[in-house]
Each structure stands twice: as C-alpha cells, then as structure tokens.
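Engineer: Sequence lines, in order, name chains A and B.
Okay, so the first sequence: first residue is -17 according to the numbering used here, each after it adds one.
Okay, so the second sequence: first residue is 2 according to the numbering used here, each after it adds one.
Mixed in with the good hints there might be a few duds.
Where chain A lies over chain B, by a calculated footprint (3+ residues, C-beta under 8 Å) [claimed, not checked]:
#, segment
1, 19 to 29
2, 45 to 52
3, 101 to 107
For lysine to aspartate or glutamate, the following DMTMM-like pairs were computed, each having C-alpha atoms within a straight-line distance of at most 20 Å [claimed, not checked]:
#, chain 1, residue 1, chain 2, residue 2
4, B, K43, A, E26
5, B, K43, A, E34
6, A, K60, A, E34
Which chain A residues face chain B? A few, computed with CB under 7 Å, are given here [what the hints assert, rightly or not]:
#, residue
7, L21
8, Q23
9, A70
10, P85
11, F88
12, G91
Keep in mind the hints are simulated off the structure, nothing from the lab.
None of the values given here were measured: they were computed from a predicted structure.
The beta carbon of each residue, even a glycine, is placed where N, CA and C say it ideally should be.
So the chains spell out like this:
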Amino acid sequence: EAEVAQSPRYKITEKSQAVAFWCDPISGHATLYWYRQILGQGPELLVQFQDESVVDDSQLPKDRFSAERLKGVDSTLKIQPAELGDSAMYLCASSLGVTGATPLHFGNGTRLTVT
Amino acid sequence: QKEVEQNSGPLSVPEGAIASLNCTYSDRGSQSFFWYRQYSGKSPELIMFIYSNGDKEDGRFTAQLNKASQYVSLLIRDSQPSDSATYLCAILAGANNLFFGTGTRLTVIP
Chain A
-17 EAEVAQSPRY KITEKSQAVA FWCDPISGHA TLYWYRQILG QGPELLVQFQ
33 DESVVDDSQL PKDRFSAERL KGVDSTLKIQ PAELGDSAMY LCASSLGVTG
83 ATPLHFGNGT RLTVT
Chain B
2 QKEVEQNSGP LSVPEGAIAS LNCTYSDRGS QSFFWYRQYS GKSPELIMFI
52 YSNGDKEDGR FTAQLNKASQ YVSLLIRDSQ PSDSATYLCA ILAGANNLFF
102 GTGTRLTVIP
C-alpha cells in the first residue's frame, strides 16, 4: 500500500536554529497538508496545498514558518528560528480529492524537540 | 468555543465489551465526519467516515451521526486489547477546514 513519506523521523535542535522537514505524498494525491500535533492534543492544520498552490495557511506562524511545494509533488516545511514551544509532532498528510471531504492519509511524522 | 469536543478519557473497558466514544461539534453546516485511530507515538489512521445521519457499520466499528443534535459517535464491538489507542474525531467545516478533537484515550483491559 502506498504511503506518505516523511523525514527525518526525529529531530533535536537548539532554540534559534533552523530546521526543515520533508514530505513526499502518495503518488497522484493533489492535496498535501502539514499538521502540528502537540502532545495530548489533536492535530492542527498549518498549511494546505492544492498542487503547488497554497489553499490555506491562515494558522501558519509566517514570521518563523515557511512551506513550499514547488513542483506540486513533495513539500518542505521550515522553521527559522525554532522556539521551545515548537516542540511537537509535525505530520504530513495527503488526499486524492481537492476538498477536505476526502479522507487524509498521514505519514509517520517528524518529532521535533527544541532545547 | 472549540469546534470539536471530545472527552479526553481515559476510557477503560473490559475485553469483549462495547466501547462508546462520543464527539460534539459546533458548526451546524458540517457535512463530513471522520474517526481516526492513533497509537502512542504513531500517526493517525482513518478507520471510519460518515456523511449522512444514521449508522454506518464496518466490521466491529459503527459510526453514528445525528446532525440535529450535533454529535457523532463511534462504537467498537467486541473490544480487543489491540483497540487500545487514542481515537480522534475530525469534522469538516466548510470545503477545506478539517478540525480535530483532542482525542479520547481508550484502554481495553484483557
């Protein structure tokens, strides 16, 4: 079964450093999502792409976070500078459809620890 | 007011019993409802989705939706220890805004 690939699985960084996460969605999935999940909470949407275009980035802290999906396939999420409160699991998901009504398929996530 | 409310639990049931997980939501216009299972340290995986009022069954799982009362529930029959996980309710508000609850942690006791 096709999977959403994410790397790295774990990342430890010091505050004020830059970090980047990579995601490769399931082939043919036009929609890609980045979620942040703080321990004990549900995932919260950071950014949603439709092909290479941003559909929703209203919850993305744009002063320090950036995301791109240049060729409409894989995607990178960057944080610069990292803060202690950014420690969380960063989940990438993809879906076949163009709306949120289509079920999401999640990758294994990147667990970020900021020290 | 949060978009999606779930009892965080933990909910403990004996093996073989029925586990009942509940979720309420605030947006009356919501049309799509999802249940995801998340094992500790893992990513969420979709187990059920429901779009219409009533019940939808898939194996040991039944999703129930009542739009008038704005709640959706998940029943797990013949609960197994392998069902022990956190169950996330997700509601689609608008075309693209998927909101997750905080999840209910379920423990099935052998």
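Engineer: Please go over all the hints and tell whether each is borne out by the structure.
Structural biologist: For each hint, the structure was consulted:
1. 19 to 29: violated (count 0)
2. 45 to 52: holds (count 5)
3. 101 to 107: holds (count 4)
4. B/K43 to A/E26: The hint holds at about 16 Å.
5. B/K43 to A/E34: violated (27 Å)
6. A/K60 to A/E34: Holds, at about 16 Å.
7. L21: With a minimum Cβ separation of about 10 Å from chain B (threshold 7 Å), the hint on A/L21 is violated.
8. Q23: With Cβ-Cβ at 5 Å, under 7 Å, it holds.
9. A70: Status violated, d = 13 Å.
10. P85: holds (5 Å)
11. F88: holds (4 Å)
12. G91: holds (5 Å)
Of the hints listed earlier, those the structure fails to meet are numbers 1, 5, 7, 9, in rising order.
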